[in-house]
Every structure is written in C-alpha cells, then in structure tokens.
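Note that the protein sequences, when read in sequence, are chains G and V.
To convert, count from 1 in the first sequence and add 1419; that's our numbering.
To convert, count from 1 in the second sequence and add 9; that's our numbering.
By construction, these hints were calculated from the structure, which means they are not laboratory data.
There's no promise every hint is true.
Said to hold, decoys possible - Quick list of in silico lysine to any residue cross-link-like pairs, SDA-like style, CA-CA up to 20 Å:
1) K141/V to N1639/G
2) K1636/G to L234/V
3) K1476/G to I1518/G
4) K1657/G to P71/V
5) K1466/G to P71/V
6) K1476/G to I103/V
7) K1502/G to E1473/G
8) K1502/G to G1524/G
9) K1480/G to S1517/G
10) K219/V to L1654/G
11) K193/V to I1670/G
12) K1675/G to N1639/G
13) K122/V to L1433/G
14) K193/V to P71/V
15) K1468/G to K54/V
16) K96/V to E194/V
17) K1480/G to K1422/G
18) K1558/G to K54/V
19) K1431/G to Y156/V
20) K1675/G to I128/V
21) K122/V to S133/V
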Amino acid sequence: MYKLIQKIDLLKVLLRSFFIETSWNFENMQNIGFAYALLPIASKICKTKEEKVEFIKRHIKFFNTNPPMAPFVMGVVINLEEKNAIGEFSKDVSEIESIKNSMMGPLAAMGDNVFWEYLRPFSALIGVSIVLLFKNNLKLAFLGPILSLIIYNSFNIFIRYIGIIKGYEQGISVVQYLQNFNLPRICERLSLFASLILAIILATSFQWQNMNIFSVKILNDVLFLITTFLVVGALKIKISPTVIFYSIVVICIVFKYFVR
Amino acid sequence: MLNEILIISIIAGIISIDVRTIGGTMISRPLVIAPLVGLLLNDLKVGFIIATFLELIWIGLPPIGAYLPVETLPIAVVSTALSIILKNKIQVNILNIIVFCIIVSIPLGFISKWLEYHIRTFNSYLSLKVSKEVDKGNINFIPFTQYFNICVSFLKGFIICLLPILFGEILLIKIFNSLPIQMKEGILFSSWFIPALGFAVVIEIFILNKYIKYFFISYFILISLLCIS
Chain G
1420 MYKLIQKIDL LKVLLRSFFI ETSWNFENMQ NIGFAYALLP IASKICKTKE
1470 EKVEFIKRHI KFFNTNPPMA PFVMGVVINL EEKNAIGEFS KDVSEIESIK
1520 NSMMGPLAAM GDNVFWEYLR PFSALIGVSI VLLFKNNLKL AFLGPILSLI
1570 IYNSFNIFIR YIGIIKGYEQ GISVVQYLQN FNLPRICERL SLFASLILAI
1620 ILATSFQWQN MNIFSVKILN DVLFLITTFL VVGALKIKIS PTVIFYSIVV
1670 ICIVFKYFVR
Chain V
10 MLNEILIISI IAGIISIDVR TIGGTMISRP LVIAPLVGLL LNDLKVGFII
60 ATFLELIWIG LPPIGAYLPV ETLPIAVVST ALSIILKNKI QVNILNIIVF
110 CIIVSIPLGF ISKWLEYHIR TFNSYLSLKV SKEVDKGNIN FIPFTQYFNI
160 CVSFLKGFII CLLPILFGEI LLIKIFNSLP IQMKEGILFS SWFIPALGFA
210 VVIEIFILNK YIKYFFISYF ILISLLCIS
C-alpha cells in the first residue's frame, strides 16, 4: 500500500472521476470515463508503454454504475493493479476485471437509491422552501440555492473521497465498510425531516402573490391540499409530470371560459 | 440586450456541461440557474418564482441506467430570460407572463433530450473507435474523446438557449397579444395551482409511507395556529 502510488495520485483520480459520464454511450456506457480516470495511475505503475496499453485495454470495457459511487470501484481496482505490478497479486489478471464487474451492480443500486431518490429531491426541497420562506427579502432567498448546493455536494464529495481512499486502502472489503454506514437509515431520517418541512411550507407560504380564490383563508388552504393530493394520485398511476402540468393549465382555461 | 443574451447563453452552455459531464453537482438545476439568469437581467423576483415553479416538477425522474430525463436547464434559462424581456413589453400580471413562458419553453427540454440521445448514439461509434485506437497503442485518444464531448455539451447548451431567446421575443409578443382574454385569465389562474405539482412530486417520493401521519399532524396544527392568530 502506497508503494507505487502517492495520495496525490488518488486525488487526481478523484478529480477525474467527476468526468465519468462525459463520453457516456449506449454500448459500453461509462467505459471511456473510467479509463480516463485511471490514466494517471497507468503512467505511475506501468514502466513500459506496452504495459500501459495492456492496463488501459483491461479497463476500457463495459462499465456502468452510479457516478458518485464509481470511486469505490476505482479505489479497489487501483489497489489490485498495484499489487499486480509489484507481484503480490497471486491470481490471474483477469480476476481484476471480474471483481470490478461484481462491484458495480450493488454499488449502482445503493447509489441510485441514496443520491437520486433521496438526497437530490431532499436538497431541492430545502432550497425551494427557503426561497419561499424568504420571498419578501430576495437577498436572503439566495440562501436557498446555496444551502441546497452545499447539502448535496458536501455529501457527494465526501462519498467520492471516502470511496477512493478507503477503496484503495481496504481493497475489496470496502463493501463491508460501506454497509456499516447504514445509508438506508439516513434516508429514513431525511423522509421524516422532509415531511415536516413540507407541512410548514404548505401551511404558511406557498404563493408568490396574494391571489385568493375564496375569501376565507382556510378554504384556500383546503383547496390547495386537495389539488396536491389529486396530483399525487395522478403521479401514482404513472402520468408524467409534464402531462399533469399542461392538464392543469388546460383545466384552468376551460374553467375560465365557463365561470367569468 | 444582445450582449446580455449572449452572456446568458454562454453561461448556460458552461453549466450544461454539468448536466451529464460532471455527474450532476446540481448547478444545472432550475433552483440555481433561474436566479442566476434573473441576477444577470436585473430581475431577481422572476428568477426565484421560476426556480420554485420548475425545480420540483421533474425531480422524481432520475437518470438511472440508459433512461434520459427531461432536461430542465433550457426550460429554466429560456423561460426566465423571456419572461424578463417580455415583462417590459406587455403590461399584465407578471405571473401571467411567467406561466405563459414556461408553457412555451417546456418543449425545449424534450428537444434537448432528443439531441442528447443522438449524441450518446454517436458516442457508441466513438467508443468502438477508442477501443481500436487503444489496441494500436494510441492512449491519448481517450482524453481527446473526453474533451470533444465537453465541447459538444457546451455547444448543445449554448445553441438551445441562444436561438429561442433571440427569436422568441417578437413571436411570443404576437402570440400573447392575440390570445383571447379567457385564455390569459386561465393562464394566470393556473399559476395558483402549479406549485401543487412540485409539492405532489415530493410527497410521492418521500412521504407516501409511514411518515404521512407526521405530515398531516404538523400541517393541521400549523393551520389551526394560523387561523387563531
């Protein structure tokens, strides 16, 4: 460990891991991005040019996982490749490929769940609620986008950093390390927190202008709540949000034609 | 005005690199880009209104596997810029213009998605080419492919924001003025309901489980408190 590779090389890979989806294609998905991220490592641990080409050939094959989770795989691959280069790796080189392939599925499932289904909507919700709460003071409303970026990216960068460092240091056992994080429980907390925030926003301030449909405030709130849950029902039966958006507009226009 | 439009399109191009290329650090979300455009065109309020309208609508459709979601970046940029430009030309309620501009710019998100599909198909060809070049020993072709794709992303974002803002202004003024009064009122009326769509998406993601009771309890406590005060 840390025999051919210094920490600075790992940080280079971390930086390049942000570009893993750049050349995304339908055939081999993230293969070019993955090989691109490992290029500094290749020039570090391979002495001859032929070795370097062999190294890249091994890693230009099909690869697809959740982008923030990719550094875990990269770390493990760097660990194994370094062992291979100094002759400590007892198995065949093709074993590295099969370990890589066995890691990407579970990591993708975990990452898609945590990042796309929980963290991204959650940080967006925080941002939108802060903007709506400070809508009378637009300078303070900038806190919304900024906080949302900080929440999402601190976790994003943290997971990537942990992935590359721990993946390199612990090798294949890093999967065990990741499970100790207990990410699903964090997601449950986010769920609870989101329901409280949403209740506050729906009860206090969701409108930009004082445009009341009924003169009594409580009726407005009830109408808005009913609309929201009607839309939830529509989303549940897999109507796309775009269709719902246009339907709302059309229904309102038709309504105005009859009631003036 | 032309200078500002160019600057906005260049910024949109740079940020559209983030959509696919940097793995989504959220700067390409409407929540960030719409206030940014508002800041550049001196109308923060419009930027923030569009940010809150658009941010949550498509948040439930993540880019998992080969699935391509609607791209929110051109929708947010074009609708914000056009609303601010039209605001000075048409004297109606600002929400009316905003919702009208969003209605008009949503198809851009689908055009952008269609372009993205074709870029990715072209990348399949590039991927084959890369494998061949690596077999020959030409490793530098990998970074070249990456830089090429970054340029393509930039150009896509730049063009898809520049053209509609440039040509949209005159067209939209004509369309809006020729709308019957009921339609204008209906569009304004719908702006009251559109936030419900965003919140419904979040409810569908987060709260339709055991936490729904916490949502209702805190909601009704707050509503009754507000009614008493």
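Indices of hints not satisfied (ascending):
Result: hints 1, 5, 6, 8, 13, 14, 15, 17 and 20 break, sorted rising.
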